[in-house]
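> As a plain string of letters, each chain reads:
Number of protein chains: 2
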Amino acid sequence: MNHIVIMAGGIGSRFWPMSTPEFPKQFVDVLGTGKTMIQMTVERFAPLCPMDNFWVVTSKDYVHIVKQQLPHLPEGNILAEPAMRNTAPCIAYACWKIRQKDPYANVVVTPSDALVLDVNEFRKVIGRALDFTVSGQRIVTVGIKPTRPETGYGYIATGALEGDGPICKVDSFREKPALEVAKEYLKAGNYLWNAGIFVWNIDTITESVKVYNPDLAARMDVMAQAFGTADEAKVVEEVFPTCEKISIDYAVMEKAPYIYTIPGDFGWSDVGTWGSLWTLLPHDAHGNAVVGENVRLNECRGCIVHAPGASSVVLQGLEDCIVVERNGRLLICRLSEEQRIKDFVNGR
Amino acid sequence: MNHIVIMAGGIGSRFWPMSTPEFPKQFVDVLGTGKTMIQMTVERFAPLCPMDNFWVVTSKDYVHIVKQQLPHLPEGNILAEPAMRNTAPCIAYACWKIRQKDPYANVVVTPSDALVLDVNEFRKVIGRALDFTVSGQRIVTVGIKPTRPETGYGYIATGALEGDGPICKVDSFREKPALEVAKEYLKAGNYLWNAGIFVWNIDTITESVKVYNPDLAARMDVMAQAFGTADEAKVVEEVFPTCEKISIDYAVMEKAPYIYTIPGDFGWSDVGTWGSLWTLLPHDAHGNAVVGENVRLNECRGCIVHAPGASSVVLQGLEDCIVVERNGRLLICRLSEEQRIKDFVNGR
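The listed protein sequences derive, respectively, from chains A and B. Just so it is clear: in the first sequence, position 144 is 314 by our numbering, and no numbers are missing. Just so it is clear: in the second sequence, position 128 is 298 by our numbering, and no numbers are missing.
No wet-lab data here; the hints were simulated from the structure. All values reported here derive from a predicted model rather than from experimental measurement. Every clue listed holds true.
Calculated lysine to aspartate or glutamate pairs in the DMTMM-like style (CA-CA distance at most 25 angstroms, straight line):
1) B/K512 x A/E463
2) B/K357 x B/D440
3) A/K512 x B/E469
If you only want the chain B side, here are some residues facing chain A, beta carbon under 8 angstroms, derived:
4) A477
5) G479
6) V483
7) L485
8) V493
Across the chosen pairs, the derived CB separations fall in these ranges:
9) B/G335 x A/R466: 49 to 55 angstroms
10) A/R318 x B/G445: 42 to 48 angstroms
11) B/E192 x A/R318: 44 to 50 angstroms
All C-beta atoms, glycine included, are put in the ideal place defined by N, C-alpha and C.
Input sequences plus hints: build the corresponding full structure.
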């Protein structure tokens, strides 16, 4: 059976005050569609398996939000992290849980806050990846055909095609590149953006963690003994925070030899910056992108405005600015300075 | 006995959203002092008479706000206008009421939303004016010694000194002048700003209305027959809206021959524009004026920020802008365009 693991523990600090540590981006209707990012994520995967096979790993502080936004998700499928430990412990926790329920599970792991424009194409790609991993020791990471020399994403250097394709071996993973390097990647033609979506069967991922990060696997084995018992929450609370903070990329992907990628071309974005959100939203004649019903612009150009909850917003004479209002919190910042928002909010 | 009439019916549309038709400027803590404009106005006059002699004329929609902000004011001293009819009907209503209670009243009429910096000096000036009007047919309008060629105020051309002064006859009233004219007024030396504060005894003002606007006086006489009866509210509701919309300046001041002025030098402002508010507030090293505890500025210059109720405001890279947040309403506008705020809000 297919299972979907949704990682929803991020705090989205780059998007304050649309996203706050109390109510981060994955739970926000970022695009003004009437659905939050995590709701759109679930919808995207919905045809692949029943709701009982969806798993959401999140901070214990967000469990109530997940329940509210995904009312059809069984409560036992919400896995609460007592502490943030990066993606490897997060994914291991979910996979050890799934293995206990379904030792033949075929699994997709996905972020909760990315955007896909062509959902049908996306489902086809994921379906192919799942076909490929249903048996055998294979890990697939979904690659995105790059459309611009983006410096905000990691890249995948692809190797030999697997049979007739489109799946191919991963040659190597590359960190977020400088602009010049990104341009070379684009020209070379064999580089894909790393979407952080992984596909594998449950045997492969648990074995891989055992081989390449035995310490993490050992802690998961301890936790797993308590799964389904009255002690589960207590043991997770004790053991999970002792796991090393480590990404799945570093813990497994960069070490295992059986890593593959499938190129996708379905309009993907991690919606990681206000600038990327601006490109995803419709614009008025002056290049303004607005989310919110009650926003009026006068002589504004190139702005992004996010104020869906505001009762009335009137702006005049702003250029290339971010304007965000949420629950009495307000940010106005030049788009060119958006990487400093974290610092502004932390008072640095 | 002295009586104070506070006119508090304005809707303050130039200051949206700090001031809204539901909760206008006079009821707002504009300066961030912890007191609203009307509370500061009452405090300014407090030593001149007991609270029983204060009268607030306001829209019926604002009566509940007046009760809340001035809990010691007798309820019967809140006069509710069923409709806005400019200052002459407003003042006549209050003075006809006062006459019934105290036929020897000596009266000050004042706006509810102006600012006085030197309150002691202000009280001295008002005290002198009251001494001057306690007997005899004399109307005093308070003049402000101009400190700049302001084009936002009406001016008073002063005539001959009355005795040793400082009170003098009013030669004429002048509308808001063009800048060049205002400069000439300043050079001439005998021009004062018109603060819209009037002092007279009750006999003088009621007689003046009778002589110079008999229609208004007749309607007030009809209303007065119902004062103190069970029908009072009903009759006011019927008669008051039939009064002509006319200012006290036009109805009386520009016609009666016994108009005097007393020059005041106590730091006065009608706080009529964001620009004037900016000049009244303290500034940081970059010329920003901020009302609100939770406001952080980064690379902002010459801005005025009013967001006392916001839980967190972060601004970056704004110059010469007005930024206002109140109850989920937001305005950002260049200071140079502030006269257009009314239009923005009305969707023109």
